[in-house]
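This note's numbering puts the first residue of the sequence shown at 5, with every later residue one more than the last.
The set of hints was computed from the structure by calculation and includes no laboratory data. Treat each hint with caution, since some may be false.
Said to hold, decoys possible - Listed next, the in silico DSS-like pairs over lysine-lysine satisfying Cα-Cα at most 27 angstroms (straight line):
no., residue 1, residue 2
1, 124, 141
2, 125, 141
3, 118, 107
Computed from a prediction, not measured in an experiment: that's the story for all the values here.
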Amino acid sequence: MDTTASTDGHRGRAEMRCVWVIIAIAALLGGAHAPVASAGQVQVYRCEGVEGAVEFRQQPCPLDQPGEAVTIEDHTTRWVPAPQAAEPTATPKTKTKKKQTPKRRSGPSASERKQETCRKKRDQLEDINRTLRLGVKGRQSADLRRRRRRLEDYLFHECD
Numbered sequence: 005m006d007t008t009a010s011t012d013g014h015r016g017r018a019e020m021r022c023v024w025v026i027i028a029i030a031a032l033l034g035g036a037h038a039p040v041a042s043a044g045q046v047q048v049y050r051c052e053g054v055e056g057a058v059e060f061r062q063q064p065c066p067l068d069q070p071g072e073a074v075t076i077e078d079h080t081t082r083w084v085p086a087p088q089a090a091e092p093t094a095t096p097k098t099k100t101k102k103k104q105t106p107k108r109r110s111g112p113s114a115s116e117r118k119q120e121t122c123r124k125k126r127d128q129l130e131d132i133n134r135t136l137r138l139g140v141k142g143r144q145s146a147d148l149r150r151r152r153r154r155l156e157d158y159l160f161h162e163c164d
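Model the full structure from these sequences, guided by the hints.
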């Protein structure tokens, strides 16, 4: 059995653990030394990416990207009510014309119009049924059946 292969495997895992420990310590120390924004300010980082693309991030820029820390002022705004209008002063009364109420149109009421519409739809349905009984061909038959279905739905939902 070759002991050098197993020793190399253990050494490789140990080296990987060391690398991860170093990365973790660097991350902790990097966060501890980052500039801290005061209350009312936000700290962000402006990083320049590939082909000059700009992105803003919460973490510092990677080492291969140029960038800078930016502090953004956080100004709170709030709603301010509009000032109250002053009471109007009394003005001398003048004769004004009385507003005329609009005249009612003389004509059928809404229920009468609805009854008339329903009557017309029933007449159309009868005409379609009569045409279908006489016999039509192909596409005209399909169109008439589609119209008949729509009329029946309308009559069922809208008319007594």
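Each hint, compared with the structure:
Between residue 124 and residue 141 the CA atoms are separated by roughly 26 angstroms; this keeps the pair inside 27 angstroms, and the hint holds. The straight-line distance between the Cα atoms of residue 125 and residue 141 is roughly 24 angstroms, inside the 27 angstroms bound, and the hint therefore holds. A hinted pair counts as satisfied when its Cα atoms are at most 27 angstroms apart, and residue 118 with residue 107 qualifies at roughly 22 angstroms.
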